[in-house]
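Chemist: So you can see what is in the structure, the chains are spelled out below.
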Amino acid sequence: MIHLFRLLSIYVIPLFVLIPIIAGIIKYKHLTIPLKVIFYLMLFYAVIAGIGSVQLAHHISSKIVADINGFIDFPVISAFYILILNRKWRIPVIIIAIVYAIFWVADFFIERNSPQNIYPIIYESIFIMLYAVIYMNQQTQINVEKRWSENSFNWINSGFFIYVASTLLMYTFYDLMLQMQLNAIFLVLWIINDVTLGLLYILIAIGFNKCRQ
Amino acid sequence: MQAVTENIYILVLLGMIGMMLLVVAFILINSRGQNKMLRQRQQMQQAELAHQKELLHTVIDSQEAERKRIGQDLHDDVGTALSSLRMTIEMLHAGQGAAEEEKYVSLSKDIIDKVIKDVRHISHNLSPPVLSYYGLVAAIEEKCAFINQSGQLKIELIDEAGQALHQPAFEVLLAFYRVLEELINNTIKHAGATKVVIKFNADDTAGIVIGYTDNGKGISKKLQKKGMGLQNIESRLAVVGADYQIAQEGEGFNMTIRYQPVLVG
Chain A
1 MIHLFRLLSI YVIPLFVLIP IIAGIIKYKH LTIPLKVIFY LMLFYAVIAG IGSVQLAHHI
61 SSKIVADING FIDFPVISAF YILILNRKWR IPVIIIAIVY AIFWVADFFI ERNSPQNIYP
121 IIYESIFIML YAVIYMNQQT QINVEKRWSE NSFNWINSGF FIYVASTLLM YTFYDLMLQM
181 QLNAIFLVLW IINDVTLGLL YILIAIGFNK CRQ
Chain B
1 MQAVTENIYI LVLLGMIGMM LLVVAFILIN SRGQNKMLRQ RQQMQQAELA HQKELLHTVI
61 DSQEAERKRI GQDLHDDVGT ALSSLRMTIE MLHAGQGAAE EEKYVSLSKD IIDKVIKDVR
121 HISHNLSPPV LSYYGLVAAI EEKCAFINQS GQLKIELIDE AGQALHQPAF EVLLAFYRVL
181 EELINNTIKH AGATKVVIKF NADDTAGIVI GYTDNGKGIS KKLQKKGMGL QNIESRLAVV
241 GADYQIAQEG EGFNMTIRYQ PVLVG
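These protein sequence lines are chains A and B, in that order.
Just so it is clear: in the first sequence, position 71 is 71 by our numbering, and no numbers are missing.
Just so it is clear: in the second sequence, position 219 is 219 by our numbering, and no numbers are missing.
Errors might be hidden in some of the hints.
Listed below are the simulated BS3-like cross-link pairs for lysine-lysine, each with C-alpha atoms no more than 30 Å apart in a straight line [what the hints assert, rightly or not]:
1. 36/B to 68/B
2. 27/A to 210/A
3. 36/B to 88/A
4. 36/B to 210/A
Calculated directly from the structure, the hints in this document are not laboratory data.
Here chain A stands alone, though its shape is the one from the complex:
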């Protein structure tokens, strides 16, 4: 089980980030601004995944890399949703992103002795789920011109929604689980986390692919 976990976490899933990056490069000239935001986020994830994999392979703590990821990740995703949601949601999303930044800085000191800063991840997950639901509700209010599957944003939104919803519980009880004895089920939880992350990358790649001139 631990070998499967290491294989997925160190090699397979980090490589999956190349799928949306390649799709983004192929469709780059057709990408709209929100999609370019996600494309650059994928490039950032690739760098973080690369560094994280090397650290994991050498049993080095990846807390700093995870912290940097957390600091950049949510504001960029918020920027994506600012661009695709109605104007009336811009100010609330900006406020949420600013509060997150302040909370992240505070948590940096609160959880400085913890193996991972969990509170911002939970905050991030809850608000990304909220953004996703608001976007889906918005789509039901407007007169859509094309099928659901032809809209790039639907795929990307679904990817984020599935990933954060699936991993929210795990991160909520993460500290508690860490205090307990490590066992196979804990590794299964991480494998599920990795698989949903891989699914996120695939859905983003599909979203890029749906872009047409």
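The hints should help you fit chain B onto chain A, whose structure is shown.
Modeler: Structure of chain B alone, referenced to chain A:
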């Protein structure tokens, strides 16, 4: 302790799987709903397009029918009269007596008078002069007076609109005139009615309201949708921005036309 540990892990595992399935189901339901709405909108748009095409065909068919009628009138009345006139003039030749000459001149004048009358009648049908000089109510009054003379149908005209009917543009009044003309023709041809009431009303909220009622046998729902005459009426009213309603209850035929004048200011 081991059992508690494993319980928490299992609960979290089940929770993660449950959340994933819930979100996936939510997304699938949402996508199906959107696709269904899109399909319904497309179907409505296609139906509207088909309806507009049908209306256009009706307009073209009506125009052709009108041209055919005018052509026939010109041929049967004016053409025949002019041919008779030519023959009459040919009979005039030098050397005939004054009485003979007088006879042919008088006959020629009668034929010319008939031609003038026929041309006036055709021209009147094309564009009634009373409408442009005296307005809609006067034009309809003239038409009603002509029909009332026959004795088979009595048309009553009630005008409570006052000056409001002089405000719309000529094209709008012409459209109303043609619509009422069509309704009267339909009543004469199909309804078997003995009485028609045409009422003109106007106020600030409803705009101009024209009511048409006859005591005939009414109109079936099928004819409401397919009848060329009603399609003609619909397209004429749509062009000027008026709408109409056909009442279903009661006997006979009842139509209300509403028009809100456009304020230019």
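Chemist: For every hint, state whether the structure bears it out.
Modeler: Against the structure, the hints:
1. Taking the CA atoms of residue 36/B and residue 68/B, the gap is near 48 Å; set against the 30 Å cutoff, the hint is violated.
2. The straight-line distance between the Cα atoms of residue 27/A and residue 210/A is roughly 9 Å, inside the 30 Å bound, and the hint therefore holds.
3. Pair hint residue 36/B plus residue 88/A holds up; C-alpha atoms about 27 Å apart against a cutoff of 30 Å.
4. At most 30 Å may separate the alpha-carbon atoms for a hinted pair to count; residue 36/B and residue 210/A meet this at roughly 20 Å.
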